[in-house]
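Student: Take the sequences, apply the hints, and build the full model.
There are 2 protein chains.
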Amino acid sequence: MAETIEPRTLRGFRDYLPRAMAAREWLLERARQVYRSYGFLPIDTPALEYAEILLGKGGAESDKLVYRFLDHGDRDVALRFDLTVPFARFAGQHIAELGTPFKRYHMGPVWRGENTGQGRYREFWQCDFDTIGTSSNAADIEIVLVIHDLFVALGFEQFHIRVNNRLLLNGLLQELGLQERSAAVLRSLDKLPKAGLESTRQEIVSGGVDAEKTDRLLAWATGSAETTETLARLAGTFKDNGQIQDGTARLRELFDVALAVGVAPQRIQLDLSIARGLDYYTGTICETFLNDLPEIGSVCSGGRYDNLAGLYTRQRLPGVGASLGLDRLLAAMEKLGQLPGGDPPAPVFIVQFDPAHLADYFRMAEKVRALGWGAVVFPDAKKIGAQLQYAERHDFRVALIAGPDEFAKGTWKIKDLRRRLETVVAESEVAAGIAHILSERPPS
Amino acid sequence: MAETIEPRTLRGFRDYLPRAMAAREWLLERARQVYRSYGFLPIDTPALEYAEILLGKGGAESDKLVYRFLDHGDRDVALRFDLTVPFARFAGQHIAELGTPFKRYHMGPVWRGENTGQGRYREFWQCDFDTIGTSSNAADIEIVLVIHDLFVALGFEQFHIRVNNRLLLNGLLQELGLQERSAAVLRSLDKLPKAGLESTRQEIVSGGVDAEKTDRLLAWATGSAETTETLARLAGTFKDNGQIQDGTARLRELFDVALAVGVAPQRIQLDLSIARGLDYYTGTICETFLNDLPEIGSVCSGGRYDNLAGLYTRQRLPGVGASLGLDRLLAAMEKLGQLPGGDPPAPVFIVQFDPAHLADYFRMAEKVRALGWGAVVFPDAKKIGAQLQYAERHDFRVALIAGPDEFAKGTWKIKDLRRRLETVVAESEVAAGIAHILSERPPS
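Residue numbers (my numbering), protein chains in the order written: chain A, 1 to 444; chain B, 1001 to 1444.
Hints were generated in silico from the structure; no laboratory data involved.
Where a beta carbon is used, it is the ideal one built from N, C-alpha and C, also for glycine.
Treat the hints with care, since some could be wrong.
Listed below are several chain B residues computed to face chain A (Cβ distance under 10 Å; list not exhaustive) [claimed, not checked]:
#1 Glu1006
#2 Arg1008
#3 Glu1049
#4 Glu1123
#5 Thr1131
#6 Leu1339
#7 Gly1341
#8 Val1348
#9 His1394
Quick look at which bits of chain A chain B covers, simulated, 3 or more residues with Cβ under 8 Å [to be verified]:
#10 127-136
#11 387-396
Tutor: Here it is as structure tokens:
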């Protein structure tokens, strides 16, 4: 006998078994519906691109994680490590044809050769949505509304979106004379929720920032006053600072509109400590947290940037967008016991009692499907007990059974597999019987 | 100014712009619904696998096409070139947990460094569905029914499925004493529809097969008698040939059940010339053709195999399945002028007339979405004419316009963008106005 090869996946990669995959499909379909309801259009880009397109965008550290190799034609190629860089290339290539403003969503796997600790995977999905070609605050507001509708559509009650604006942050750093050090200070500030106040303070001070200035900054960032009041106070204090005026005005409008549209006040919060690591954000920034699992961090983050595709086109393309962390969200839903997509795709199981009647079993399956329920004919004419055991184990809800006696009388046995109740009905009553067991009308 | 990089994709790779991507999403969603209605469950596997898992399965020719490289840990890895080999590995790894019979569908991109002529791509999608762990003909019949329902669900009227059985073919070759040469003969036979009778005959004869035997084989393969009659005649002529008896019996049952379930006779045909190149098919084989585009070849093909995962597990896993050629089908639908998914995801366009009323525009958009239609607020307060021009160009159907006058009166202008008709209605009448223009009730 030939030797077998050990079946295994690469470290950091994984199979999706049906339960997990059904959940992913459910989540992607819901997200798609919300994105589409706001007029975002779907796109896709190749998994493989020229390395020169993908590399040098996120710094040397991130370049090291990229899967890169020479292809059959000795081209230097790489697997995409996010959906943003390919979108920038895509926009540079197609924006003239598509026109602006252009709204797109893009869902797909990305690859990073990272350490695999802490549930990190080397292949994972991103779901991005962006509006490019406009600087209008209306686009920023819309992104926040999309995030809100998305989490409602995914069945979350307890979540909140934290919003900030880099203009306001930059203006405050300017007032403190810290604009030269803004990158380092913002990086420290961003860790505040996890690191805590004292540790963040030390990090900033040890970076060479005056202690008093650090305290003023941290007081702003952690102030607990009501949103409108905070924004009014900052705007009033720094009347001559253009960035602070701009940033507060945009934030005020964002909160006003979101609340007017019906977003519950506890679901949207101003948080001046949010800075987001990525250097390219220049305006609105936001993060989304599940109230019951704050420790997993933001599950949907994004912001405004000045120019998406400067490397590929001279057309300036300002934009705003966010990215849903699909795998993190699925892990969270599993933890919360609300993993979606659990209903079997086909609830009706037709026992193959007598192989001579195969056509009758398939005819019944077709009839059930025409009513809108999925149906399966068991392929092997095994003992009925074994077939029903399979049906129960695989979560079917209803079994239909007919042998020579039933066919002679024009009846079917119909069995509720959860309650283990069996009745006999005329063929014309089978649909009503299934509906009764499923406590529902046919889905279509 | 920094130099720009030319934005381009690799040869053989392509972007999906919104129109093409909407069509792909529509098609995948329909296919998913049909697969699920038969109880097939979704799975996914990684894009990257150990090279030893993927290579050596399709011969040296196909190995050469595989994208293969050393990863960061110097592991010999490769991108999947189909979904069958990863499924075999997956089954070897998880079948004990999943149990048999196991029915799965799997949709995703695969990569092959092929020549890019004739519309071939190096990245393309496959949509496979298989039932493994059973030899029952019921599973074969179901695969044909799934293909039938799939093409009906995709809106095709004019298609047909050609069915054959390798047992029957092998039995006939045995009768001619050609079993030793079956691979070469079947490869030639498979080209018959494209190459024509005379060229196929020459190829077989020049391979060293007796001319008379070749003619007998070709007479069987091209016989035009009615299905039942053909099968009965072959079964009657070769009473002692087990493979012919088996093959004809399985085919007879397949046709009987399909017709009994309601498949139109012109949509399913016996075709003894179908052999399919892949060596691993051992029973039922089928191909699907669009009547209006026969030249593009089969758009959904598959068959029965004896053992899926012999390389990875000692558990024998016979199975049957088929693969939908997504890209070929999309190209065909475009040619036939029936590319799906063309309706704009958001038909309602809200003009941003007066930025001071942004909250009112977003409120209206939310209201429209709550009724089940997608809605967009234009982000920039440009001239109305420019906004409406954008709306028309991007296929919106309805524009809603309100400025200070309308807000004072509680009315909205509602414009049919195709007919270019504008009316003024009370805010409470907007929903009815949209429904009228779209000639439909809200979709949900």
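Student: Each hint should be assessed against the structure and marked as holding or not.
Tutor: Verification of the hints:
1. Glu1006: holds, 8 Å
2. Arg1008: Because about 7 Å separates Arg1008 of chain B from the closest Cβ in chain A, which is inside the 10 Å limit, the hint holds.
3. Glu1049: holds, 7 Å
4. Glu1123: With Cβ-Cβ at 5 Å, under 10 Å, it holds.
5. Thr1131: holds, 7 Å
6. Leu1339: violated, 14 Å
7. Gly1341: Result: holds, 9 Å to nearest chain A Cβ.
8. Val1348: holds, 9 Å
9. His1394: OK, holds: His1394 of chain B within 10 Å of chain A, min 7 Å.
10. 127-136: Held - the segment 127-136 of chain A has 3 residues with a Cβ nearer than 8 Å to chain B, which meets the minimum of three.
11. 387-396: holds (count 3)
In this structure, only the earlier hint numbered 6 is contradicted, and the remaining ones agree with it.
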